[in-house]
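As you go down the protein sequences, you meet chains V and P in turn.
Quick note on numbering: the first sequence equals residues 1 to 249 in this note's numbering.
Quick note on numbering: the second sequence equals residues 1 to 249 in this note's numbering.
Simulated from the structure, these hints should not be mistaken for laboratory data.
A portion of the hints provided could be inaccurate.
Claimed, not checked - What follows is a set of in silico ranges between Cβ atoms, one per label pair, in the way DEER data are often shown: (1) D29(V) x P162(P): 43 to 49 Å; (2) E130(P) x G28(V): 37 to 43 Å; (3) D203(P) x G201(V): 22 to 28 Å; (4) T246(P) x E147(V): 34 to 40 Å.
Unchecked claim - Over the 12 Å line for every Cβ pair with chain V, so calculated as not near, a few chain P residues: (5) A64; (6) A221; (7) V243.
Since the model is a prediction, treat every value here as computed from it, not as a measurement.
We put the beta carbon where it would ideally sit given N, CA and C, even for glycine.
There are 2 protein chains.
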Amino acid sequence: MRSPGDATPAFVFVPELAGPGQRLTLTGDDAHYVTRVCRARPGDTVRASNGRGLVARLRLDSLAPLTADVVELEPHDPSGGGWVMTGAPEGQRADWMVEKLAELGITRWQPLSCARSPWPSAPARLERWERLATAALRQSRAAWRMEVASPIEVADAIASLPEGGRRWLADPDGEPLPSARSVTTGLTEPPQVVAIGPAEGFDDRERERLRAAGFRPACLATRRLRTETAALAWAAWDALEVVSRTRGG
Amino acid sequence: MRSPGDATPAFVFVPELAGPGQRLTLTGDDAHYVTRVCRARPGDTVRASNGRGLVARLRLDSLAPLTADVVELEPHDPSGGGWVMTGAPEGQRADWMVEKLAELGITRWQPLSCARSPWPSAPARLERWERLATAALRQSRAAWRMEVASPIEVADAIASLPEGGRRWLADPDGEPLPSARSVTTGLTEPPQVVAIGPAEGFDDRERERLRAAGFRPACLATRRLRTETAALAWAAWDALEVVSRTRGG
């Protein structure tokens, strides 16, 4: 039932946003969502993000085909969320991990292909993860979409990291992760990164590489956590950091 | 392949642990896990928890039937984890939420049957959630198992809470959740509690009730979070609190 005061306004992902006056045609999931879930009508406002910082206000023009005109484009700063690198979790647990990391505002997820748990690149899987990241963007009405990288080995992943950000290694024997507020130095700081082993754990060589690259062992909970739970727990801590930074709380 | 140096020792859930000399018969999932996954043999040590603070060392006696003798019983203090109350998430998302809350050491999960999202009690669902809490106990080798309560209304849930613990209401417009370390006053403090609305949100009456009962609006992330993601994020923060308390970090 359409009840404008209560309704959640539609928010879609449009990779190519050019500028005011641009005419867009929405299809597939987006069209279903706008017309069936949000029950938008011609003349209604819909918002769209390109997942790279631009959010547009659109005016719906027609329903079949579903077309909309860009009225306004607004740039947004990056969310400031960290990077998460993980080995393969068990079974299908990567799927919801991707959804949750994206929802919590993680900037980039780097799957790690580890000695004890190789994670061969599979285009179909990558596409599914991209779709999950897109769904999370819609859910969160976010200007930025989490980047999903292709699985690579630890050494290559280390080489791809930005300089200067803090680096954490999830480790039950590490020091407790410091209180969120104590780490923060500003929005322009390079992103923090966490490395989390696969279900079977990193091997000694991988751990040594990570330590040598400045990854500091940090404990997230008193209990053993699965790969995907550790990733989530770190991302939740990182999200609180972002809140503190942006609201000065 | 059995490789004792590397292998993870078996850990099972046994609701009734009496004391040394007790003979146990393990069946079903537990038997499969001990003999097939952990490849334990007669004479091997297995550990068992009753989910209420007792952990036993068992010595495997025979494989078919799978019997074991209790060698030693050790009591453990409660984990100190908080209580989580949530409305219904969308679809099947409650299942993994239960698994993750249990893994992060939450003491009790109270499903809330809300005005906008009634959550009728269903014995089959409760049983599945209990199984997930048990699986998380095994995964975490924990002495305490998360308690799964039957869905009740907000007013009744409030009436069932322990006195004196801090109370949080997940709310994107609230103050940032304080840094983990600042809340801690000791292991014997009553558990903290969080209330998280269903996918459709609490209604005004429910929010008013929670506020009147001392629930303080707290923001977990700059983005909109789904019910289950907010629950996870709060539980991760609570787990860090527990780490700080128990390790004095």
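Here is what the structure says about each hint:
Between D29(V) and P162(P) the beta carbons are some 45 Å apart, a value that agrees with the proposed interval 43 to 49 Å. Checked against the hint of 37 to 43 Å, the pair E130(P) and G28(V) passes, with Cβ atoms roughly 40 Å apart. For the hinted restraint 22 to 28 Å between D203(P) and G201(V), the CB-CB distance of approximately 46 Å leaves it violated. As the Cβ distance of T246(P) to E147(V) is approximately 36 Å, the hint placing it in 34 to 40 Å holds.
Remark: the non-interface label on A64(P) is consistent with the geometry, its nearest Cβ contact in chain V lying 28 Å away (cut-off 12 Å). With a least CB separation of 4 Å from chain V, A221(P) falls inside the 12 Å interface cut-off, contrary to its annotation. Against chain V, the non-interface label of V243(P) is violated: not every CB pair exceeds 12 Å, the least being about 4 Å.
The structure does not agree with the numbered hints 3, 6 and 7 stated previously, though it agrees with the rest.
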